[in-house]
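A.B. asks: Based on the provided sequences and hints, a complete structural model is requested.
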Amino acid sequence: MTPLEILTAAATGQPAPRIPVFCNLLDQGARELGLTQQDYYAKGEHVAEGQLRMRERYGHDNVWSLFYVGKEAELLGCREILYSEDGVPNVADFVIKSLDDIARLEIPEDISTHPAWGETAQCLRILKREVGATHPICAYLTASTALPALLMGMDAWMQLLLMGPEDLRDELLRKCSLFFQREVAAYRAAGANVLVYSTPFGCPAFVGMKRFRELILPWMKRDLLPGGVEGIVYYCGMAPFNAVIEQVQQELGIGAYYISPLADLAEARATIGQKGLTCGVIDDIKMIQWTPEQTRAEVRRLCGIGMPGGRFLFGTGVMPQAIPEANIHAMVEEAFRCGSYS
Amino acid sequence: MSRAELFRTYMEAVFDTDKAAAFAVVRAALEEGMTPEQIVFELVVPATEDTMSAITKDPDANLAQHFMTAQIASEVTEWMLERFSQPPEILGRVVIGTSSGDLHSLGKRIVSGCLKSLMVDVIDLGVNVSAEQFVEAALKHDAQVIAISSMMVHTATGENGCQKVRKLLQSQGLEGQFRVIVGGAPFRFDEELYQKIGADAWAADGISAGKVITDLIRGVKP
Chain H
0 MTPLEILTAA ATGQPAPRIP VFCNLLDQGA RELGLTQQDY YAKGEHVAEG
50 QLRMRERYGH DNVWSLFYVG KEAELLGCRE ILYSEDGVPN VADFVIKSLD
100 DIARLEIPED ISTHPAWGET AQCLRILKRE VGATHPICAY LTASTALPAL
150 LMGMDAWMQL LLMGPEDLRD ELLRKCSLFF QREVAAYRAA GANVLVYSTP
200 FGCPAFVGMK RFRELILPWM KRDLLPGGVE GIVYYCGMAP FNAVIEQVQQ
250 ELGIGAYYIS PLADLAEARA TIGQKGLTCG VIDDIKMIQW TPEQTRAEVR
300 RLCGIGMPGG RFLFGTGVMP QAIPEANIHA MVEEAFRCGS YS
Chain X
0 MSRAELFRTY MEAVFDTDKA AAFAVVRAAL EEGMTPEQIV FELVVPATED
50 TMSAITKDPD ANLAQHFMTA QIASEVTEWM LERFSQPPEI LGRVVIGTSS
100 GDLHSLGKRI VSGCLKSLMV DVIDLGVNVS AEQFVEAALK HDAQVIAISS
150 MMVHTATGEN GCQKVRKLLQ SQGLEGQFRV IVGGAPFRFD EELYQKIGAD
200 AWAADGISAG KVITDLIRGV KP
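From first to last, the protein sequence lines are chains H and X.
Numbering that gives the first Met the number 0 puts the first residue of the first sequence at 0, with every later residue one more than the last.
Numbering that gives the first Met the number 0 puts the first residue of the second sequence at 0, with every later residue one more than the last.
Treat the hints as calculated values from the structure; they're not laboratory data.
Note that CB positions come from ideal geometry on N, CA and C, so glycine has one too.
Among the hints, erroneous ones may be present.
Claimed, not checked - To give an idea of the chain H side of the interface with chain X (calculated C-beta under 8 Å), a few residues:
| id | residue |
| --- | --- |
| 1 | Ile80 |
| 2 | Ser83 |
| 3 | Leu161 |
| 4 | Gly163 |
| 5 | Pro260 |
| 6 | Asp282 |
| 7 | Gln320 |
C.D. replies: This is the structure in structure tokens:
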């Protein structure tokens with residue numbers, strides 16, 4: 000079976016020889032190609048090449064079309080990104096500098112013709128051509144309730160979200176939800192088939208259960224229901240969200256859950272059960288300091304919890320550049336070894 | 000309303016992140032003859048300390064609660080400080096900022112709000128602060144604590160962040176004068192990380208940082 004078929008089998012509860020093994024090596028591509036981060040991310044062909052080389056080197060199942068999270072802000076007018084040679088780029092120019100800017104925020108009618116989409120489209124074209132028939136292609140999409148943090152800064156967004164004015168908050172959310180709907184359609188059309196729905200406000204650790212139910216869940220429905228949840232993965236930015244899994248399953252029908260390393264994986268596994276795909280995620284910040292053997296032991300622990308009953312995927316979190324290469328090899332090798340069902 | 004009732008009602012308002020209710024209690028306290036000084040030292044400071052303790056122990060506590068608690072506490076404190084008959088005695092002074100290359104300011108804002116309501120003078124250096132700026136500001140403002148917030152792994156662990164602050168303090172013979180605290184998402188995933196980058200302490204969230212920092216100040220201040 001190809002990695003894509005193995006993923007499909009895991010997602011639908013069909014037999015497969017092993018679990019899917021996912022890894023997100025993003026900024027590492029620049030070093031691989033001998034480019035600065037800024038030069039690397041300037042071209043879709045660089046990002047695609049970086050992804051293909053990373054996959055070839057470590058052997059994991061997936062590739063990413065994500066450049067950096069702030070790319071979405073660029074589609075909405077952000078003009079400055081702060082690059083770093085040893086980590087992820089930051090949004091350095093907030094599109095919404097005052098509440099008056101919310102009315103001026105324009106959502107592109109067709110994302111696929113927007114100039115800022117061009118390099119992402121090029122990256123996706125290459126990935127689809129090279130590995131699209133056999134390997135999952137991941138995309139990263141920010142939920143309407145989290146996208147404002149990229150547009151105005153997290154603290155300004157928290158203030159607007161929690162303290163109002165509510166009419167402006169809702170106007171911004173309407174625009175961000177519309178953006179999400181158009182963006183997910185563009186990614187699907189371009190060939191992405193694993194759509195990571197980044198919704199940090201979709202976990203109780205951010206807003207508590209009451210606000211989750213009354214404020215966040217309705218906006219998640221608005222984001223997702225028009226285009227459907229095919230290929231959508233529920234992801235809360237590495238924060239734990241076990242307490243809402245059941246409700247998300249019932250109300251949104253999402254089939255895959257990317258469980259925080261800080262959460263109880265066994266509990267998440269039991270909650271999701273056979274109704275969806277449980278993604279067990281390694282604490283890859285600790286991998287900076289771990290030995291290869293410690294890394295292997297943690298992979299075995301996660302697989303031991305997640306694999307019984309099937310419908311399990313092994314994945315990574317943020318994969319900082321400082322992780323020793325030997326640990327990445329150890330992680331992927333061990334995930335393939337202990338992730339075998341035969 | 001008795002003092003005990005005022006305290007309890009204020010605590011409930013803050014814990015429920017109900018800003019309007021918290022301000023209503025303060026207005027009621029003023030109407031009942033409490034001075035602004037009494038409101039801060041007998042109501043706001045103890046209530047903030049109790050709320051910090053309760054939120055820290057509450058497994059269901061959340062970021063919104065932290066944000067609103069800090070916001071309410073700092074706004075009430077600022078409102079009352081304008082009415083003080085003379086400037087209050089501060090507990091100590093902190094210079095705070097996000098580490099070099101890091102533009103995420105939420106954690107810093109929550110910590111600053113809590114500290115202000117605990118009568119700690121906060122010098123906010125903003126975002127993307129170099130190690131040199133942290134040390135220079137700590138010296139210039141005669142601070143006891145340098146607080147460094149980092150949301151990303153490379154800014155938390157990189158050589159231009161806390162590690163460089165520690166090196167500068169060592170090279171300038173200032174280690175006895177200042178304590179360094181770090182906070183932010185990466186430290187939640189590796190609770191020993193703060194030691195590896197040369198910090199004296201870390202806090203899991205903005206609210207508990209208030210308690211850790213006031214303890215650090217008391218440890219340094221003569």
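A.B. asks: The structure should be examined with respect to each hint, and the outcome stated for every one.
C.D. replies: Results for each hint:
1. Ile80: Not OK, violated: Ile80(H) not within 8 Å of chain X, min 10 Å.
2. Ser83: 5 Å, holds
3. Leu161: 6 Å, holds
4. Gly163: 10 Å, violated
5. Pro260: 7 Å, holds
6. Asp282: This interface hint holds because 5 Å falls under the 8 Å limit.
7. Gln320: 7 Å, holds
When held up to the earlier numbered hints, the structure conflicts with 1 and 4 and fits the remainder.
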